[in-house]
Amino acid sequence: MPERPERPESLAGQGRVALVTGAASGIGAAMVRELSGRGWTTAGLDLSPAPDADHSVGVDVSDPAQVGAAVRRIERELGPVGAALCAAGHYAIVPVSDIAWPEWRRMLRVHLGGLVNVCRAVTPGMVERGEGAVVAVASELAIGGGDAEAHYAAAKGAVIGFVRSLAVELGPSGVRVNAVAPGPTDTPLLPPESPWRKASYLQTLPAGRLTSAEEVALAAAYLVEDGTFCAGEVLSPNAGAVI
Amino acid sequence: MAVALITGAGGGLGAAVARRLAADGHLVALNDHPDRSVAALAAELDGVAAPADVADPEAVEAMVADVEQRTGEHVGVLVAAAAHMTMAPFAAHDPDDWWRIVDVNLGGTFACAQAVLPGMVERGGGRMVLVSSEWGLIGWPDATAYSASKAGMIALTKSLGRELGPLGIAVNAVAPSVIDTPQLEVDATAAGVSVDEIRERYAARVPLGRIAAPEEVAAAIALLADDRLPTLVGQILHVNGGTTRSRA
Numbered sequence: 001m002p003e004r005p006e007r008p009e010s011l012a013g014q015g016r017v018a019l020v021t022g023a024a025s026g027i028g029a030a031m032v033r034e035l036s037g038r039g040w041t042t043a044g045l046d047l048s049p050a051p052d053a054d055h056s057v058g059v060d061v062s063d064p065a066q067v068g069a070a071v072r073r074i075e076r077e078l079g080p081v082g083a084a085l086c087a088a089g090h091y092a093i094v095p096v097s098d099i100a101w102p103e104w105r106r107m108l109r110v111h112l113g114g115l116v117n118v119c120r121a122v123t124p125g126m127v128e129r130g131e132g133a134v135v136a137v138a139s140e141l142a143i144g145g146g147d148a149e150a151h152y153a154a155a156k157g158a159v160i161g162f163v164r165s166l167a168v169e170l171g172p173s174g175v176r177v178n179a180v181a182p183g184p185t186d187t188p189l190l191p192p193e194s195p196w197r198k199a200s201y202l203q204t205l206p207a208g209r210l211t212s213a214e215e216v217a218l219a220a221a222y223l224v225e226d227g228t229f230c231a232g233e234v235l236s237p238n239a240g241a242v243i
Numbered sequence: 001m002a003v004a005l006i007t008g009a010g011g012g013l014g015a016a017v018a019r020r021l022a023a024d025g026h027l028v029a030l031n032d033h034p035d036r037s038v039a040a041l042a043a044e045l046d047g048v049a050a051p052a053d054v055a056d057p058e059a060v061e062a063m064v065a066d067v068e069q070r071t072g073e074h075v076g077v078l079v080a081a082a083a084h085m086t087m088a089p090f091a092a093h094d095p096d097d098w099w100r101i102v103d104v105n106l107g108g109t110f111a112c113a114q115a116v117l118p119g120m121v122e123r124g125g126g127r128m129v130l131v132s133s134e135w136g137l138i139g140w141p142d143a144t145a146y147s148a149s150k151a152g153m154i155a156l157t158k159s160l161g162r163e164l165g166p167l168g169i170a171v172n173a174v175a176p177s178v179i180d181t182p183q184l185e186v187d188a189t190a191a192g193v194s195v196d197e198i199r200e201r202y203a204a205r206v207p208l209g210r211i212a213a214p215e216e217v218a219a220a221i222a223l224l225a226d227d228r229l230p231t232l233v234g235q236i237l238h239v240n241g242g243t244t245r246s247r248a
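Residue numbers (full-length UniProt numbering), protein chains in the order written: chain A, 1 to 243; chain B, 1 to 248.
Isolated chain B, as found in the complex:
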């Protein structure tokens, strides 16, 4: 099975994706920011660690070249899960941080997609799974940069789906609602409540009555990474417990 490059693999969702794709038989290459080591997880999963700041296109290009050299293969599956998220009222949001969110989430996805593309073309096809967010569909207060970046990823998915489909490269996205990861602490801090309280607040608006486990989102990503679905292109798979019900 193909080499799968997972960005943001040191995070709660990224790690779950890495475990799932490794279990499905992929050779996994795990990327995260150099400040957050993924070496232990890579060793555990018999994969390779591929540190790089995805917001730095040159670093991304070098990282992909390194992965290809060490695995001896082109990347067949890209999962763009690297994300930066802080919450602040719009008027008070520090511009540098605002742009850092957009540069990591949307710019990082652009850089990674562009870096793996020549290899995917050469190997005759591939699959890209972009990790967007329900907030990219419906927006969210105090999350303007994050929502804008994730909405941009949806449009990127649709455009790349159209553009790369004829090359045998299927580009799709997941748009999960809130996931039960350590990232919840950011939300809890912004709201001035405990993590348990914020979990309950988010769960209250979900028809299934709870928030997502990372493994559930990883399962959706595994489906979109499955090469037995050649006509699944340019689509957004909403993993949100019924909250948003397929807007966009």
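Isolated chain A, as found in the complex:
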């Protein structure tokens, strides 16, 4: 009879390196703060400097060469990446008839491409070490759709499909791939005049409020550390926008 695999201990910080994309603001910055507080050494990848991260690298995540170089540098200087959290993204409200090809392409390259580029750079090492966690930031719009952000919803939907597939592919190695799918979150991606901030919208939500970046970071930290039996999971603090 094959030997029963042992349950891994929770993947705690203890100086391990967590790579966070989109680390300069919003959900990514909150992830950096949450993981730092749990003893992780944080490396932030973003177009802008990430002041909360221990190590900040200016990177366009849609460019595989830039991501590969950044990961090599981080692993050389800080050590192997134990957790990768992919929060880099942008958002726009545009009716589908008005989405120009460059906008469509950019949306897919940043959200899906950014995740793929990071996974290609960090997961071979994780597989070799037999441990590691990837958390992608998807969106409730990937699950429920919306009426004026089809490129965003499509990109986030692709993120979920990718996460579930990679979870199955890497699961036997001990590397866990999961996602969070927040509802409208109180970050700079939602400008003050955003319809998602209007009281008339928030009243329709069972929880009656925007999700906070800190909540999303807490959910992600669970998937990294304590969620040792979660793989291909999509955890959704979304105020009840999609149930």
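Simulated from the structure, these hints should not be mistaken for laboratory data.
A few of these clues could be false.
Pulled from the structure, derived: some chain A residues nowhere near chain B, Cβ distances all over 10 angstroms [unchecked claim]:
1. S25
2. G39
3. G79
4. Y91
5. S97
6. V110
7. G146
8. P237
Distance windows between CB atoms, simulated [said to hold, decoys possible]:
9. A:S48 with B:G125: 35 to 45 angstroms
10. B:E73 with A:Q203: 23 to 33 angstroms
11. B:R100 with A:G39: 39 to 49 angstroms
12. B:G124 with A:S200: 17 to 27 angstroms
13. A:P8 with B:P166: 32 to 42 angstroms
14. B:L167 with A:G125: 40 to 50 angstroms
15. A:G37 with B:W140: 39 to 49 angstroms
16. A:W101 with B:A88: 54 to 64 angstroms
Covered stretches of chain A (chain B as the covering partner; in silico rule of three or more C-beta atoms under 8 angstroms from a C-beta of chain B) [claimed, not checked]:
17. 163-177
18. 208-218
19. 224-230
Every residue, glycine too, gets a C-beta built ideally from N, C-alpha and C.
Model the placement of chain B on the given structure of chain A, informed by the hints.
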């Protein structure tokens, strides 16, 4: 931290939840059927024992009143983990046992949620965590009653999530796949194999290559019991090693 009422606390999962929530700082109230004592565990965890058959709504109401009286607080966290499970081919399943499964798992959850609700409203909020099952999502042969009851708990979670969210009460569920507890003996007996063999059979379909430890499911429940997640409502957290990947 809030009083946490855990039903089915004498079982493999329930006991792990009790230990985890006590370690997280909750005052734990441990419920199980009067035939299965939880007094020793309650004493170990500095909690209170709260025996009652959850399928009896009057007994549940009295049990919750007793917990509130003894702890001096309303229940802030409910973990509905009490479950009855037997396996039998559908056509041969004794109707009384079939309904007992539904009455304990789904009816017991209803009774407990209803009993703690007034107190949660009065204290200004709370969290309920319903223990559903992967089989409530995908079904399972020879487990029609269990699967139906657990699917019902998912719909109950979603409806209560919508209904109670505006009151500051967050209702969510975990849907674990097979957990390594003494309950496995039921599955092994039904399949006519050893517990080791049934463990291997279940593990073979899990991408992570093993079945869940009770502590891993308890960790997921602890997350859903965390009041720092006010916008996590009406959701199903699948703790299944990647097997089912978020259907429903």
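Evaluation of the provided hints:
1. S25: holds, 20 angstroms
2. G39: Answer for A:G39: holds, closest chain B Cβ roughly 18 angstroms.
3. G79: A:G79 clear of chain B: closest Cβ-Cβ about 25 angstroms, beyond 10 angstroms.
4. Y91: holds, 18 angstroms
5. S97: holds, 31 angstroms
6. V110: Label holds. Min Cβ-Cβ 23 angstroms, cutoff 10 angstroms.
7. G146: Nearest chain B Cβ is 18 angstroms from A:G146, so the label holds.
8. P237: Incorrect as stated: the minimum Cβ-Cβ distance to chain B is 4 angstroms, not above 10 angstroms.
9. A:S48 with B:G125: 35 to 45 angstroms: Distance hint for A:S48, B:G125 holds at roughly 37 angstroms.
10. B:E73 with A:Q203: 23 to 33 angstroms: holds, 31 angstroms
11. B:R100 with A:G39: 39 to 49 angstroms: About 48 angstroms separates the Cβ atoms of B:R100 and A:G39, which means 39 to 49 angstroms holds.
12. B:G124 with A:S200: 17 to 27 angstroms: The hinted range 17 to 27 angstroms holds for B:G124 and A:S200, with Cβ atoms some 25 angstroms apart.
13. A:P8 with B:P166: 32 to 42 angstroms: For B:P166 against A:P8, whose Cβ atoms are near 39 angstroms apart, the range 32 to 42 angstroms holds.
14. B:L167 with A:G125: 40 to 50 angstroms: Since B:L167 and A:G125 have Cβ atoms about 47 angstroms apart, the given range 40 to 50 angstroms holds.
15. A:G37 with B:W140: 39 to 49 angstroms: holds, 41 angstroms
16. A:W101 with B:A88: 54 to 64 angstroms: The hint (54 to 64 angstroms, Cβ to Cβ) holds, given that A:W101 and B:A88 are roughly 59 angstroms apart.
17. 163-177: With 7 residues close enough to chain B, the hint holds.
18. 208-218: Satisfied; 8 residues make the cut.
19. 224-230: holds (count 5)
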